[in-house]
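**Student:** Heads up: the protein sequence lines correspond to chains A and B, in order. Heads up, the first sequence is in my numbering, so the first residue is 25 and it goes up one at a time. Heads up, the second sequence is in my numbering, so the first residue is 92 and it goes up one at a time.
Derived from the structure by calculation, the hints contain no laboratory data. The beta-carbon is built from N, C-alpha and C at its ideal position, and this holds for glycine as well. Mixed in with the good hints there might be a few duds.
Think about it this way: if two alpha-carbon atoms lie no more than 16 angstroms apart in a straight line, the pair counts; the simulated EDC-like pairs of lysine to aspartate or glutamate are [stated by the list, open to error]: (1) B:100 <-> A:230; (2) A:209 <-> A:172; (3) A:331 <-> A:372; (4) A:353 <-> A:320; (5) A:222 <-> B:134; (6) A:31 <-> A:78; (7) A:298 <-> A:372; (8) A:235 <-> B:134; (9) B:121 <-> B:105; (10) A:293 <-> A:232; (11) A:235 <-> B:150; (12) A:222 <-> A:232; (13) A:305 <-> A:279; (14) B:100 <-> A:320; (15) B:285 <-> B:129.
Here are a few chain A residues that sit away from chain B, every Cβ distance over 12 angstroms (derived from the structure) [what the hints assert, rightly or not]: (16) 28; (17) 78; (18) 199; (19) 257; (20) 273; (21) 294; (22) 354.
Going by beta-carbon spacing under 7 angstroms, a handful of chain A positions derived as facing chain B [claimed, not checked]: (23) 47; (24) 90; (25) 95; (26) 220; (27) 224; (28) 229; (29) 230; (30) 236; (31) 237; (32) 245; (33) 248.
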Amino acid sequence: MERVFMKGCEAIAEAAVRAGCRFFAGYPITPQNEIPEYFSRRLPEVGGVFIQGESEVASINMVYGAASTGTRSMTSSSSPGISLKSEGISYCAAARIPMVYANVSRGGPGVGSIQPAQMDYLQATKASGNGGFKMMVFAPATVQEAVDMTFAAFDYADRDRNPVLILCDGVIGTMMEPVVMPEMKGDAEIAAIKDGKKSWAAIGHELDYAKRGWIQPGNWSTAVMQQGNEEAAAMYDNWQKNDVQVEQYKVEDAELVMVAYGISARIAKTVVDKYRADGKKVGLIRPITVNPFPYEAIENLNYGQVKTILDVEMSIPAQMLQDVSLAVKGRCPIETCLCSGGNIMKKEQVMDAVAKLI
Amino acid sequence: MEKIYARTKGLRPDVVSGFCPGCMHSTVIKLIGEVLEEMNQMDNAVAVLGIGCCGLHMEYMSYDNVTAPHGRACAVATGIKRANSKSLVYTYQGDGDFASIGLGESVSAANRGENITVIFINNGIYGMTGGQMAPTTLLGMKASTAPKGRIAEEHGYPMHMCEILNQLTAPYYLERTSCNTPQNVLKTRKAIKKAFQNQLDGKGFSMVEIVTSCPTNWGLDTMKSLDYLNEKMLTEYPLGVIRDNG
Numbered sequence: 025m026e027r028v029f030m031k032g033c034e035a036i037a038e039a040a041v042r043a044g045c046r047f048f049a050g051y052p053i054t055p056q057n058e059i060p061e062y063f064s065r066r067l068p069e070v071g072g073v074f075i076q077g078e079s080e081v082a083s084i085n086m087v088y089g090a091a092s093t094g095t096r097s098m099t100s101s102s103s104p105g106i107s108l109k110s111e112g113i114s115y116c117a118a119a120r121i122p123m124v125y126a127n128v129s130r131g132g133p134g135v136g137s138i139q140p141a142q143m144d145y146l147q148a149t150k151a152s153g154n155g156g157f158k159m160m161v162f163a164p165a166t167v168q169e170a171v172d173m174t175f176a177a178f179d180y181a182d183r184d185r186n187p188v189l190i191l192c193d194g195v196i197g198t199m200m201e202p203v204v205m206p207e208m209k210g211d212a213e214i215a216a217i218k219d220g221k222k223s224w225a226a227i228g229h230e231l232d233y234a235k236r237g238w239i240q241p242g243n244w245s246t247a248v249m250q251q252g253n254e255e256a257a258a259m260y261d262n263w264q265k266n267d268v269q270v271e272q273y274k275v276e277d278a279e280l281v282m283v284a285y286g287i288s289a290r291i292a293k294t295v296v297d298k299y300r301a302d303g304k305k306v307g308l309i310r311p312i313t314v315n316p317f318p319y320e321a322i323e324n325l326n327y328g329q330v331k332t333i334l335d336v337e338m339s340i341p342a343q344m345l346q347d348v349s350l351a352v353k354g355r356c357p358i359e360t361c362l363c364s365g366g367n368i369m370k371k372e373q374v375m376d377a378v379a380k381l382i
Numbered sequence: 092m093e094k095i096y097a098r099t100k101g102l103r104p105d106v107v108s109g110f111c112p113g114c115m116h117s118t119v120i121k122l123i124g125e126v127l128e129e130m131n132q133m134d135n136a137v138a139v140l141g142i143g144c145c146g147l148h149m150e151y152m153s154y155d156n157v158t159a160p161h162g163r164a165c166a167v168a169t170g171i172k173r174a175n176s177k178s179l180v181y182t183y184q185g186d187g188d189f190a191s192i193g194l195g196e197s198v199s200a201a202n203r204g205e206n207i208t209v210i211f212i213n214n215g216i217y218g219m220t221g222g223q224m225a226p227t228t229l230l231g232m233k234a235s236t237a238p239k240g241r242i243a244e245e246h247g248y249p250m251h252m253c254e255i256l257n258q259l260t261a262p263y264y265l266e267r268t269s270c271n272t273p274q275n276v277l278k279t280r281k282a283i284k285k286a287f288q289n290q291l292d293g294k295g296f297s298m299v300e301i302v303t304s305c306p307t308n309w310g311l312d313t314m315k316s317l318d319y320l321n322e323k324m325l326t327e328y329p330l331g332v333i334r335d336n337g
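Working from the sequences, and respecting the hints, build out all of it.
**Tutor:** Shown next as structure tokens:
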């Protein structure tokens, strides 16, 4: 396939279209406006539907409705807009509705700043809405990864009948990089995917109570509710066993291991190379899925050799640190290298943080 | 002997209605079922249920339905209809759902002229949560959150959704009916059928606002609540066709 030069947000939208996404609803918020703008041009070309919702709340609920018909559907926003979508995301999770959304995250809390940040980690991985549901959460570190993850996200969403989140920082969303796009799914394949959901989709059914499409984000019966929660918990456990994605970079002999995701990981990787050139034993663990989190990779480090873990993230206070701590289990000190509020992590800051520890 | 009347197939035959005595939800959902059967649309219908008493029949509806988050039914219906335009999609919402928390979604869907049908149940109060004040609560009407009754200076005035939507260009059909008399039940049935037919004909947004009683939360028995509906509710909310572009 041909390499093309694309902005992250537009590349995400194109990847979604190629994965068979035929419905998008969204609301303007910086720095992700290029996603809805791209969809508004692109979806009509492939017989899809784009709607600019009257709010983030309406947009996620349009997606809830569209995805309830079995149509591959997506929304996107940035941090404060994602908070507004929380209710609808929780409904999708409860009703087992597959859909994909992207958070091109910015500084927070509150309206925060429009510059890139990684301040929605806990919201994304632990509590994206009420009720304790979880999602697969992918954290791209390059535009190419954002493309590949978005393309795959629809398959994961359909496999699990659950929402999937692309947790992008504003850097990935707004920078341009060369990418290779996946092959466009054909109309027949997209129709077959939709047909596969016919039994449960709200599309009208033969008049029979047992066969009706019932999109049910709750139940009067506490027993039914608990059963649904137990099934979801089992699914989350399976992700932890089967779906963790992690990059381990030069950790075999490392004495200092950085843990970073998204754009921070990319900067940390540069720092690893700089120190390795000087013979310093520095490595990097990069969670690619931040949920399920790669606890095992961190847990299985040789703590006779690793002297310090350095958590690098664009959030103050640190958030991923909680997951890192769960894996380290007090076997070595964990230091942090942080920035926030829209400040982008600088290589020099990470260099300095490492210098103090080796 | 010829069977000339049967319960609509839209509701499971073995389940007794969960609505309070004198509640008109039972009447309206029966009418919707009958109309869908008559129009041969039961296997093509998708109901989007609001939160509140509107969703109480989800367990025993026989056809497809989606429960929307509180107030978001028109947005959910928009998504369903746009993604699968052949479905007959209607929302079933109360006044708290449609006119309070969902006002933005309701007005915006109407303003886009979405090709959906709204069945809006206006009983002037929150039912399921126990009688709190709604945007449609009458002046002087007591509510659990307005113990002295609705006061204009503090709470503003009852909202007239048909008239508000009538300010927009896009809506195709807006009618206010009631189920207070056998005649009005038949008029409501006719209005629902017309609203559904509009959608099948691709005419755009139709709404039937049905003024109903809530004996439980009005604190009145079924007969007195009917009197209250006739004397007070229908004075504030006069029945009739507000707009018909057909």
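**Student:** Quick one: which hint numbers does this structure break? Sort them smallest to largest.
**Tutor:** 3, 6, 10, 14, 17, 26, 27, 32 and 33
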